[in-house]
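Trainee: Line by line, the protein sequences are chains A and B.
Numbering-wise (the working numbering), the first sequence opens with residue 28 and increments by one.
Numbering-wise (the working numbering), the second sequence opens with residue 28 and increments by one.
Source of the hints: derived by calculation from the structure; they are not laboratory data.
Model, not experiment: these values are computed from the prediction.
Worth double-checking, as some hints may not be accurate.
The list treats identical chains as one, so a pair stands whether inside a single copy or across any two.
Heads up, simulated DMTMM-like pairs for lysine to aspartate or glutamate below, C-alpha to C-alpha not over 25 Å straight-line [unchecked claim]:
(1) K523 to E180
(2) K523 to E290
(3) K665 to E221
(4) K54 to E653
(5) K551 to D662
(6) K551 to E393
(7) K219 to E393
(8) K295 to D479
(9) K659 to E393
(10) K578 to E65
(11) K574 to D68
As a plain string of letters, each chain reads:
Protein chains: 2
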Amino acid sequence: MQGLTVLAPFVGILSLIIAWLIFGYVKKQPNGSPLMQELEDQIHKGAMTFLKREYTILIFFIGIVFLLLGFGVAWRTAIAFVTGALCSMVAGYSGMTAATRGNSRTAEAANKSGQAKALNVSYFAGSVMGLAVAGLGLLGLGFWFWVWGGSPETAQYINGFAMGASSIALFARVGGGVYTKAADVGADLVGKVEAGIPEDDPRNPGVIADNVGDNVGDIAGMGADIFESFVGSVIATIAIGATLTITPEFLANFPVLQGLAPEAIKLKYMAMPILVVMAGLLSSFVGVFSIKLFQSGNPAGALRYTTFVAAIVFVILTIIITNSLGMPWGCFWAIVSGLLCGIAIGLLAEYYTSGPPIRRIAGQSETGAATVIIAGLAVGMVSTWLPMLGICVAIFIGFKAAGIYGIGLSAVGMLATVGATMTVDAYGPIADNAGGISEMSELGPETRKITDSLDALGNTTAAIGKGFAIGSAALTALALFVAYTQAVGLEIIDIKNPMVVIGVFIGGMVPMVCAALTMTSVGKAAFSIVEEIRRQFREIPGLLEGKEGAKPDPATCVDIATTAALKEMVLPGLVAVLTPVVVGFVLGPETLGGMLLGATSMGAFLALFMANAGGAWDNAKKYIEEGNFGGKGSDNHKAAVVGDTVGDPFKDTSGPAMNILIKLMSVVSLVIAPILAGWAGLF
Amino acid sequence: MQGLTVLAPFVGILSLIIAWLIFGYVKKQPNGSPLMQELEDQIHKGAMTFLKREYTILIFFIGIVFLLLGFGVAWRTAIAFVTGALCSMVAGYSGMTAATRGNSRTAEAANKSGQAKALNVSYFAGSVMGLAVAGLGLLGLGFWFWVWGGSPETAQYINGFAMGASSIALFARVGGGVYTKAADVGADLVGKVEAGIPEDDPRNPGVIADNVGDNVGDIAGMGADIFESFVGSVIATIAIGATLTITPEFLANFPVLQGLAPEAIKLKYMAMPILVVMAGLLSSFVGVFSIKLFQSGNPAGALRYTTFVAAIVFVILTIIITNSLGMPWGCFWAIVSGLLCGIAIGLLAEYYTSGPPIRRIAGQSETGAATVIIAGLAVGMVSTWLPMLGICVAIFIGFKAAGIYGIGLSAVGMLATVGATMTVDAYGPIADNAGGISEMSELGPETRKITDSLDALGNTTAAIGKGFAIGSAALTALALFVAYTQAVGLEIIDIKNPMVVIGVFIGGMVPMVCAALTMTSVGKAAFSIVEEIRRQFREIPGLLEGKEGAKPDPATCVDIATTAALKEMVLPGLVAVLTPVVVGFVLGPETLGGMLLGATSMGAFLALFMANAGGAWDNAKKYIEEGNFGGKGSDNHKAAVVGDTVGDPFKDTSGPAMNILIKLMSVVSLVIAPILAGWAGLF
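Excised from the complex, chain A in its bound form:
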């Protein structure tokens, strides 16, 4: 059975072929009027401009880290690092291409063929990202696993792949997060507030940048985030498997392993996560194509059912794998605990950003903006504990069922069907863009109704997706943390040692500081967009009045947002990469262990707090816009808009940045663990 791991790269390639064929299918769909085609083109070009400029900067970063890793750690690790980074970049590029081609086609499908077809087109356009993420991840992991064989050193080299994925993810999330919110806030401030023209009005030069931002943040950023979790969870589990200590007590617990040589057991343990994600990807194929069965019904149900189908197939395949591979059944339960935890956290995120919490926030608008803010902050804070409890339960079950290895498996279980779940995530911004295009190209009210309903559904899937991304990031960071503690060769990391306590405190600082930096960045970047839009309204004659032939210049807005976002991603990136290195070498590997735990805890809490508070403010505003508490334009609405504006960087920039931060710091530590082993720090 474990010989099947050689098939992993091929399943990965199969996924890419399917994604390619789906992309062909999407491109074949009609993309509407010349105006729609032009809008599509502008968004596409804006997105590609951003990616190209981002990747140009990243090439330097990758080159430098490649050399540092090669000379400092191992050349194989350095090569794996480059491939991890490239895979993440290719996944982002593929997903963005499909998404920015799918938007106008979704609008046209809504216009000509109705809701079922529009759902079909947007879903399949999103699936390109889902399948690319899972396919490239499995291709890279499987390839290196095959090249280097399943030995403990493999675990050490392959960590580089995860670090490559993490580095790209950080820049994609932070840069993308700053871009999307700067464009959004900038376009709204001048357009809606100052000039009094509607959202997505074609006269507004910032609208294209705003639509580009949806893709940059929610497709490229989210995709890189999930790609990193996917790869990180598998690699952590391989690393934990590779460093298992097979004692007689261990064997006594697992009769199924008795009689096997320790090396053989380790190989099984290292092969298991690869097989599990293979099964997950195969299940995702089934899940993705099952949309054909559901697309004519309720769209919300259809999306949900595709992930359920993938999950059920996955559970069946996992039973077969556990049995055929001769693994203890505890491994199966660990996987299931992660799968269920992922679903639970997603649903909790949906709860806290809808229903009673948002009605409570909306009600606070009666006494003004301040009480809206206080209520939203309180909702965000209180929303952290149940998801964290869910993660604790997953850790507990994973650990009790399969030891520390179970924690890795639990993360793998959460992420294995990522081909299907990421498809749903990527669907959201495509539907959002389709709505924008139908508004700007003035399609009829019937079409608007369809794109609006698909867009609204996208907001729900986005909330669930964000919760899932945080949960998987926390569990992956924890699995990487466990892998680090094994790899660095410390028998214990004792919190009775004050140096470990210091580590936990330092760990808490990094998310706090990075959250503050990214929030401030959005403000700065938005300000430069505001100035550019104001300039265009002032200098382009007839633009604001909507005169024939007066056209905005969206490209400069795209350019400004790109420059600002890329500039702002550098400092948080350096903080994240350098802190573990400095702490590890100056204060020693034990303090670094404490730091990772402190950072994971603080980062996960802040991510949940900010994502849920932001989502709740957003939906409280929408709830008022539906006519409650005075409706649109009332003082209550204005108070709710303040909450929504505060929530923007919370939920789309700083909150998501936490996901990457905690994984990146763990993976950097894991990569430098071999050098740190035996080192005691400078004091």
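Assemble the complex: chain A is given as a structure, and chain B must be docked to it using the hints.
Mentor: Showing chain B alone in chain A's frame:
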């Protein structure tokens, strides 16, 4: 030398006598016109009403916990618990009495004798709280240390004293915090915003409640908080000393101890903190009376110099103690590290709530309330890392200089001169009240100028005091955590064990949830005040128009705020007390150890975040009111007011509640440690 500990209760009593004499001096001062006397009386009665009602509820709580501790732990612990609670209550009562008698006398001194005399009266009125806190703490600690002798069991029983102090502190901080902000927000919302009358206008029925709130929050709440830190740090250090393992390596490190029996060494280590706080209290006497030398000069300098005088005398006495007691010199450096860390954290809090950060926040008012909020949140987040680094440095120095015992000593060093620092803290609300009374009784502009400048200085000392309170809480919680890990008899608490990781995560939940609960409570309580003030304006004929004879009924506002505050303190209180007990018995003492560390870290970060963000918003608003960015009444000012309103529960309710939370959970764990020893949890 260590025999001098028998003098501790007498030094404590001496402090109380001095406080009593000072109170006599304050009461002898003229308290102005009949109107001023009436206002003083109303505030005094309101404060006493709150205390009486609060203490009545607390008596039940104390009775129940007394029985639980008696039957569950030890009767001596239970008795010590009751005395700790009573000492805290007496300290709160004394301080409140002096403060509410000092306010009108300060106003009258400003009116008749000028600034120096006004400073003198308010400072000495505040010193009653400072000396009561330190005196009662030393009396209780010294008394029990003398009764039970310096044996390891003493440490166990005396923990009850700290738990008593903590329990009262929680209710005083949460109840007081809710009270003060509910009254403040309620009075402002109806008075300033709806009715358009100035702050502190005598027509507003909520103004007395607001002035009562200043005392309830910043005197009783702050005093109970500092009392708890003071007692907790000493007891933690005694407990660590009592559970030292005296190995040959230990002795090799400290030549000065060689040749002594292990028991003799332990006795020295247990006596040291008592002697140090005795020295601190004696130094505080010198510091407090040194105000006479400085009062004619710059008031800000005068207050600062009194604490410096106390600190310098304290350092000299500590050198003498370390030498005479024959303790390693590392102990001295540990104490100094705590002392300096306390000063540094206070100054950092001042920096983040003034100067460039607040100008940046004020500048964001140009683009509205949302950007003010974002900027303030970012300042709050970024303001956490340097103070936390300061705590890390103190831990590091304490640990390297004197082992884990040094962490306890570091906390003791920070708190020993509390008689002087708490005096400065208590001065603030007295000056604030004096300002309110001179406004309401329409004293001349010259007088207003003096009281305004003393009030402004009070805001600075409040920021420093809040920073100091957080820093000392974090260090005390950490010392209690170390004491817990020693007392529960675990050799190690290994974060490689996932059960400890689960503990860290659970620990993070509690501060998040309690912060959310307390923020929500303020809103609810403020709402009931708003309704009452509206009712009075509506039903009392001529009140709003200021007709002769139309008087508001402030007592009902006081009553409503009291009821609401006391109701709201119950849930967070239960969460804080029960979580460690449940975690300890269900998941075991290792998980509980992880939980304490997680809670201390999260609690300290949230406390700094909320206190500094709140302070920064407050001062950004004041900065605009000084005429910058459009000045009072401008749109910018309105945006800044939103920030200030959000900051109110941040800095005066939820933030300070964190201080208590982390200490209380640690001390509850320390008290149940003997029962938990050897227990492995249910799983």
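Trainee: Does each hint fit the structure? Answer for all of them.
Mentor: Right, here's what the structure says about each hint:
1. K523 to E180: between (32 Å within a copy, 22 Å between copies)
2. K523 to E290: between (34 Å within a copy, 23 Å between copies)
3. K665 to E221: Cα proximity of K665 and E221: in one copy and across copies (14 Å, 18 Å).
4. K54 to E653: For K54 and E653, neither the intra-copy (36 Å) nor the inter-copy (61 Å) Cα distance is at most 25 Å.
5. K551 to D662: between (27 Å within a copy, 21 Å between copies)
6. K551 to E393: between (31 Å within a copy, 13 Å between copies)
7. K219 to E393: both (23 Å within a copy, 17 Å between copies)
8. K295 to D479: Neither way: K295 and D479 sit 49 Å apart in one copy and 75 Å across, limit 25 Å.
9. K659 to E393: both (14 Å within a copy, 24 Å between copies)
10. K578 to E65: within (13 Å within a copy, 71 Å between copies)
11. K574 to D68: Classified as within; 23 Å inside a copy, 71 Å across copies.
The structure shown violates the earlier hints numbered 4 and 8.
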